[in-house]
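**Q** Sequence:
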Amino acid sequence: MNRALGGILFLTMALLSGSVTAQSYPSRPVRIVVPFPAGGTTDIVARLIGVELQRTWGQPVVVENRAGAGGSIGADVVAKSPNDGYTLLMGTVGTLSINLALYAQSGNKLPYHPVNDFAPITNVAAVPNVMVVPTSLPVTNVKEFIALAKSRPGGLNMASSGNGTSIHLTGELFKSLTQTFMVHLPYRGSAPALQDLLAGSTQVMFDNLTSSLPHIRSGKLKALAVTSTVRSPALPNVPTMEEAAGLKGFDATAWFGLLAPAGTPREIVNKIRNDVAKALESAEMRERFSGQGALPVGDTPEQFAAYIRNEIDKWTRVVKFSGAKID
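In the numbering used here, the protein residues as written are 1 to 327.
Worth flagging that the hints you see were computed from the coordinates, not collected in a lab. Worth double-checking, as some hints may not be accurate.
[Unchecked claim] Below, computed lysine to any residue pairings styled on SDA-like, alpha-carbon distance capped at 25 Å:
(1) Lys-150 x Ala-305
(2) Lys-325 x Glu-144
(3) Lys-220 x Gly-249
(4) Lys-80 x Lys-220
(5) Lys-325 x Arg-309
(6) Lys-175 x Leu-198
(7) Lys-222 x Asn-237
(8) Lys-150 x Pro-134
(9) Lys-175 x Gly-68
(10) Lys-175 x Asn-310
(11) Lys-314 x Glu-243
(12) Lys-278 x Arg-55
(13) Lys-320 x Thr-135
(14) Lys-109 x Ile-312
(15) Lys-222 x Glu-267
(16) Lys-80 x Pro-236
(17) Lys-314 x Thr-135
(18) Lys-222 x Glu-144
(19) Lys-278 x Pro-233
(20) Lys-143 x Gln-179
(21) Lys-320 x Gly-68
(22) Lys-175 x Ser-136
(23) Lys-143 x Leu-156
(24) Lys-143 x Thr-229
(25) Lys-248 x Ala-262
(26) Lys-220 x Ser-201
(27) Lys-150 x Lys-175
(28) Lys-222 x Thr-135
The task is simple: from the sequences and hints, build the whole structure.
**A** Shown next as structure tokens:
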């Protein structure tokens with residue numbers, strides 16, 4: 001009887017302790033690590049949500065850029081931080097889905113495990129890539145592009161922001177599904193890749209929507225399709241890949257989600273997720289995200305965890321198909 005009462009008392013104390021932890025969190029500044037340089041989409045999303053969380057919590061939310069090694073340096077910092085909710089990661093499709101396969105194919109070990117070393121909180125935003133071509137290319141839609149590529153195997157150049165990036169692998173996914181072959185030309189970032197695309201020296205790019213959007217709106221590039229399963233509000237007249245070419249389920253979306261180190265108390269994870277979801281519901285935040293070509297998400301930790309596992313499976317297949325390795 002005493003053992004039973006002791007067990008009940010222990011459980012009650014544990015539940016109360018968790019409740020107190022959640023209610024008092026955060027009691028000091030929270031750090032969001034962005035594993036890429038300032039000014040990119042990951043950084044922008046982190047700062048937008050950081051401002052809202054700071055308002056809600058009444059505590060500073062500091063965005064810290066820890067760039068390098070395709071995002072793996074910053075991600076590793078968070079993986080090895082205390083699991084108290086005060087160090088968070090703004091993770092991406094690259095850091096949490098692509099890098100695992102990319103490192104393995106290169107014979108190297110990723111310094112963290114995207115599933116085992118993190119507690120997913122919520123997917124904050126999704127930004128589709130967009131298939132863009134120079135205005136000089138004699139095609140007006142995806143089907144015409146596929147026909148041109150098949151008539152000239154290896155005769156078209158596909159630009160990307162770098163080997164193994166989501167932009168590169170989106171193109172590889174397209175090639176595998178359409179049975180086309182284009183020569184991949186990796187650049188050191190989207191900006192130089194776009195310059196050659198604009199000049200017509202390369203013929204296609206599956207760029208992040210955020211960086212291509214100004215050139216599409218100015219008429220300097222033609223957008224043939226977005227790579228998400230739904231159309232982008234930023235380009236409502238541009239079809240999805242499924243609509244444009246019957247590529248059912250084609251989804252190559254850049255996404256940006258918050259994670260904490262593994263073992264972070266569930267009460268804290270839930271509190272952060274709920275506060276982020278509330279912020280994403282505001283009309284002001286939706287307008288800001290829309291301006292970046294981004295769609296707010298705000299899913300649950302369980303949904304985000306399942307999504308990450310599915311993304312790992314998908315991109316592992318694409319990495320193997322492409323033969324991509326880390327530079």
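**Q** Please go over all the hints and tell whether each is borne out by the structure.
**A** The hints, checked one at a time:
1. Proximity of Lys-150 to Ala-305 is assessed by CA-CA distance (about 38 Å); at most 25 Å being required, the pair is judged violated.
2. Between Lys-325 and Glu-144 the alpha-carbon distance is near 31 Å, which puts this suggested pair outside the 25 Å criterion.
3. Taking the CA atoms of Lys-220 and Gly-249, the gap is near 29 Å; set against the 25 Å cutoff, the hint is violated.
4. In summary, the hint linking Lys-80 to Lys-220 is not supported, as the alpha carbons are separated by about 45 Å, beyond the 25 Å threshold.
5. Taking the CA atoms of Lys-325 and Arg-309, the gap is near 21 Å; set against the 25 Å cutoff, the hint holds.
6. Taken as a hint, the Lys-175 and Leu-198 pair is honoured in the structure, with Cα atoms around 22 Å apart against an allowance of 25 Å.
7. Restraint check for Lys-222 and Asn-237: the C-alpha separation of about 12 Å stays at or below 25 Å, so the hint holds.
8. For the hint linking Lys-150 to Pro-134, the alpha-carbon distance of about 18 Å falls within 25 Å, and the restraint holds.
9. Restraint check: the Cα-Cα separation between Lys-175 and Gly-68 comes to about 29 Å, which exceeds 25 Å; the hinted pair is violated.
10. Note on Lys-175 and Asn-310: the hinted pairing holds, with a Cα-Cα distance of about 20 Å set against a maximum of 25 Å.
11. Among the hinted pairs, Lys-314 with Glu-243 is consistent with the structure: their alpha-carbon atoms are about 21 Å apart, no more than 25 Å.
12. Between Lys-278 and Arg-55 the alpha-carbon distance is near 12 Å, which keeps this suggested pair within the 25 Å criterion.
13. A hinted pair counts as satisfied when its Cα atoms are at most 25 Å apart, and Lys-320 with Thr-135 does not qualify at roughly 32 Å.
14. In summary, the hint linking Lys-109 to Ile-312 is supported, as the alpha carbons are separated by about 16 Å, within the 25 Å threshold.
15. In summary, the hint linking Lys-222 to Glu-267 is not supported, as the alpha carbons are separated by about 47 Å, beyond the 25 Å threshold.
16. For the given pair, Lys-80 sits about 42 Å from Pro-236 by alpha-carbon distance, which is inconsistent with the 25 Å threshold.
17. With a C-alpha separation of about 32 Å, the suggested pair Lys-314 and Thr-135 falls outside the 25 Å cut-off, and the hint is violated.
18. With a C-alpha separation of about 13 Å, the suggested pairing of Lys-222 with Glu-144 holds against the 25 Å cut-off.
19. Between Lys-278 and Pro-233, the direct Cα distance comes to roughly 21 Å. Compliance with the 25 Å bound is thereby established for this hinted pair.
20. As the CA atoms of Lys-143 and Gln-179 are separated by approximately 13 Å, the hinted pair is consistent with the 25 Å bound.
21. As the CA atoms of Lys-320 and Gly-68 are separated by approximately 23 Å, the hinted pair is consistent with the 25 Å bound.
22. Taking the CA atoms of Lys-175 and Ser-136, the gap is near 22 Å; set against the 25 Å cutoff, the hint holds.
23. For the given pair, Lys-143 sits about 15 Å from Leu-156 by alpha-carbon distance, which is consistent with the 25 Å threshold.
24. Taken as a hint, the Lys-143 and Thr-229 pair is honoured in the structure, with Cα atoms around 18 Å apart against an allowance of 25 Å.
25. With a C-alpha separation of about 35 Å, the suggested pairing of Lys-248 with Ala-262 is violated against the 25 Å cut-off.
26. Of the pairs offered as hints, the one joining Lys-220 and Ser-201 holds, with about 14 Å between alpha carbons and a cut-off of 25 Å not exceeded.
27. About 11 Å separates the Cα atoms of Lys-150 and Lys-175, which keeps this hinted pair within 25 Å; it holds.
28. The hinted pair formed by Lys-222 and Thr-135 meets the criterion: a straight-line CA distance of about 6 Å does not exceed 25 Å.
Of the numbered hints given earlier, the model fails hints 1, 2, 3, 4, 9, 13, 15, 16, 17 and 25; all others are met.
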